[in-house]
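> Just so you know, the sequences run in chain order L and P.
According to my numbering, the first sequence holds residues -13 to 272 in order.
According to my numbering, the second sequence holds residues 35 to 676 in order.
Treat the hints as calculated values from the structure; they're not laboratory data.
All figures in this text were calculated on a predicted structure; none of them were measured in a lab.
Honestly, I wouldn't trust all of these hints.
List time: in silico EDC-like cross-link candidates among lysine to aspartate or glutamate, alpha-carbon distance up to 16 Å [as the list claims (entries may be wrong)]: (1) K447/P / E107/L; (2) K25/L / E12/L; (3) K447/P / E240/L; (4) K170/P / D111/L; (5) K447/P / E218/L; (6) K81/L / D129/L; (7) K345/P / E484/P; (8) K667/P / E595/P; (9) K81/L / E64/L; (10) K25/L / E7/L; (11) K474/P / D460/P; (12) K447/P / D460/P.
Example chain P residues on the side facing chain L (calculated, C-beta under 8 Å, incomplete) [stated by the list, open to error]: (13) Y141; (14) E145; (15) G314; (16) Q393; (17) V395; (18) N437; (19) G531; (20) T561; (21) R564; (22) L565.
Ideal Cβ placement from N, Cα and C applies to all residues, glycine included.
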Amino acid sequence: MTAIPLGVPRRLVEFTLDGQEARVPEGSTILDACRAAGKDVPTLCEGDTLTPKNACRVCVVDVEGARTLAPACSRRAEPGMVVRTDTERARHSRKVVLELLASSVDLSTTPSVAQWLTEYEAKPDRFGPDAARVDEAPRVDNDLYVRDYGKCILCYKCVDACGDQWQNSFAISVSGRGFDARISVEHDGPLTDSACVYCGNCIEVCPTGALSFKSEYDMRAAGTWDEERQTETTTVCAYCGVGCNLTLHLQDNEIVKVTSPHDNPVTHGNLCIKGRFGYQHVQNRD
Amino acid sequence: MRKRDRTPKTYTRLTHPLVRDSREAPLRRATWEEALDRTARGLAAARGAFGMFSCARATNEMNYVAQKFARVVMGTHNVDSCNRTCHAPSVAGLSAAFGSGGGTSSYEEIEHTDVIVMWGSNARFAHPIFFQHVLKGIRGGARMYAVDPRRTSTAEWAESWLGPNVGTDIPLAHAVGREIIHAGLVNEAFVERATTGYDDYRALVEPWTLSLAEKVTGVPAAAIRDLAHAYARAERAQLCWTLGITEHHNGTDNVRALINLSLLTGHVGRYGSGLQPLRGQNNVQGGGDMGAIPNRLPGFQDVLDPEVRRKFETAWDTVVEPHHGLTLTEMFEAMDEGTLRAVYCIGENPAQSEADAEQAVRRLRALDFLVVQDIFLTRTAELADVVLPATAGWAETEGTTTNSERRVQRVRKAVTPPGEAREDIDILCDLAARLGHDWKYADAEAVWNELRALSPDHHGMTYARLEEHQGIQWPCPSTEELEPPYLHGRLWSRDPGLRGRRAPFGIVRHDPPVDLTDERYPIRLTTGRRLDSYNTGVQSGGYASPLRRGESVELCPEDAERYGVVVGEQVRVTSRRGSLLAPVWVDPALRPGLAFMSFHFPDEVDTNQLTIEANCPIAGTAEFKASAIRIEKVSTGGPALR
């Protein structure tokens, strides 16, 4: 009889983090160790349900003996390693990354970014007013979600969530190269002509709000979106028998957004179109 | 033309009770007081002729109170829900084999298995997040086999697609079994130790050679052989099915035929090896577990067991009759015979979800008293004498639901319900009080704790633990420990005492669909779900899906050409029971002689006017998956469409 696989027992790795002894299970990243130690390392392209992509470079740290800075989100902790998160070199690098991103992309809906800009004394304005990489209106081509590429930092998280890491629909990809690179669906057409199945798992992982519920987009446009007034309640989806956990985001007794806990054993943060968007029936109140 | 201009019917929430002063009078607004008094009178007058339609969408707690209402207040086991129209055969089949009606595996296990068989299941559309676990398994090296008359989007991920003719699952399964036997791939140790009836089974499947099966099922012999060898040789294998297996007049037999394969190979009762029926409603598993079925008390405990009855009689201070009640299907038949005269229908829409919908409506109309408790004025509610506005189980109440992997999870109140809508449990308790039973439940947790005291399988699941573990799978008898994620590990025990009752092979025979195709009705119609819509569309019609294109009759390109019809063209679809107009959609996943429709848009195209009410004699599920139809062009310039 097959026993339940318990996995290989994981040893603890000991290394030095900012002069302190750090011990983390084998396989953990430097970022895991930083978070366990309560250190705030900025991240954008990192996602707890996705394989690290190393796209944004905002989490870089100094590893003693290494020629270049290492991305904390993907570099695994090794025994005896000496890591510093706050060297001048690391701080400067993060500052420049933040300046480049914030000058070329609209980060107004990116959580925590304002605080990081202050902390690292980043001055995105020094590149002048014409630094925007993409200058186009948000794409509103369906009733469920909006794509605002002016907010896209090309972190690839949506591509991975739509592709082989979760959804396997492959509706989203990167088109173009270099300065012309951008997230796109096939032939850069409207979503309604694409392979999109509207699961919204790309919205779930988008770090900047480039992808958002249309309800959020409309409320932001009307100036009524107010996260301070919102509550989050986790319940179970009312459709099929799979039993996906839904976190309902409510403002003034209206469901305005639906997410799913990333550590949930049923969903791992993913939903389908019905769970993500099929809530309207409860609030059709005349 | 990809999408038609259409304005689907959207339902708005019920905000106050409605009553009807006479059968002919329209529904009018009423106070709760008046509506409840009338309901109590209507139910009291029908003692002995009462049926409860409980709700597979509502919480476990509500289902517990609803079945208690039927059994204690009304003194009947006539309580059932829409599990009857979908997965009752799975429960019946699994119970017959293993003594327990739940799927034997967990989602996580399918990520760690070697062979996955998806039989009569388009999980990619109908259970998308379960299918993500399947995809993880496939990405990890598992091979998936899809068995479905349609080459679905699930089949697109398969190693091999086997497309049997509708209603030939038993010949296919028997041929797989015979091939396993003849190839010497039977798990003899398991068969000997944990099963009974193997010799009968071997004799039963012996005639089903690969070539005969090819003739009957239409699946190439080599593909059947390939599936048999892959399944039997796998270290671990998962066999999953959905309504393609159960919604037949012999659904329970179909389920037994699949279970036989797991017994033959020992693919049950181990981590990664098991049987997984995918449930169609958020709490269809829990509704049955809570006893909202006519043959089981809460905790899936047998009504016929005197020990069990005594426990409930003591707890409820009542007499629990030692016989089964009527299933949903039998209740509808009893309406015709006049032995069922009042129905309390909670959150179900049988006027549109039953096979042969016109007959269902006629029967509901003939009742002395019908009370409907729902969040919308559904077609069923329109027929009612009293309509009670309820809260939405999943977003407006506290409680629990149980999913396909037997995981009990907390449902929480997020939204304040509209108007005067009230919680199901409060309404039931108010009615119970009017009928002489004073039940006091402080909250849903109090109901749950009453259930925990009566159901050993749920005993260890306190609300606090459910929260802590993000849900717990039954059985969970201990408040300290958790059981393995799979069922029936006992079958592998060396000790016959621990092994318990051995699992019998199901001796089931091929029986083709009742609704035969002939010259007048040459096309086989099968039904199913689409990705963005759900059941009768009352819920899913409320949001603007970009994928939705309304109802259509889907044909393969060859048939579309044969009948000279094009996408979007209205055609007349006729079965032996009904006739309707529907636009054509062409789907290359179909094949000549096979058409597909969903039942998501009954207000536009009432597909269930076509389906046949040929019921599984064991589980009572109708043969939604196989009707015979014909397609006729509507002459140009003819009557206006729709």
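> Work down the list of hints and note, for each, if the structure agrees.
Hints, one by one, checked against the model:
1. K447/P / E107/L: violated (44 Å)
2. K25/L / E12/L: violated (20 Å)
3. K447/P / E240/L: With Cα atoms ~13 Å apart, K447/P and E240/L stay inside 16 Å; holds.
4. K170/P / D111/L: violated (45 Å)
5. K447/P / E218/L: holds (11 Å)
6. K81/L / D129/L: violated (38 Å)
7. K345/P / E484/P: Given that 16 Å is the threshold and the Cα spacing comes to 12 Å, the pair holds.
8. K667/P / E595/P: Given pair K667/P, E595/P holds - Cα atoms ~12 Å apart, limit 16 Å.
9. K81/L / E64/L: This hinted pair is violated, its Cα atoms lying about 27 Å apart.
10. K25/L / E7/L: Given that 16 Å is the threshold and the Cα spacing comes to 14 Å, the pair holds.
11. K474/P / D460/P: holds (9 Å)
12. K447/P / D460/P: holds (15 Å)
13. Y141: holds (7 Å)
14. E145: Violated - the Cβ of E145/P stays beyond 8 Å from chain L, reaching only about 11 Å at its closest.
15. G314: holds (6 Å)
16. Q393: With a closest approach of 27 Å, the Q393/P hint is violated.
17. V395: At 23 Å from the nearest chain L Cβ, V395/P fails the 8 Å test, so the hint is violated.
18. N437: OK, holds: N437/P within 8 Å of chain L, min 3 Å.
19. G531: At 17 Å from the nearest chain L Cβ, G531/P fails the 8 Å test, so the hint is violated.
20. T561: Violated, because the Cβ-Cβ distance from T561/P to chain L comes to roughly 16 Å (cut-off 8 Å).
21. R564: With a minimum Cβ separation of about 10 Å from chain L (threshold 8 Å), the hint on R564/P is violated.
22. L565: holds (6 Å)
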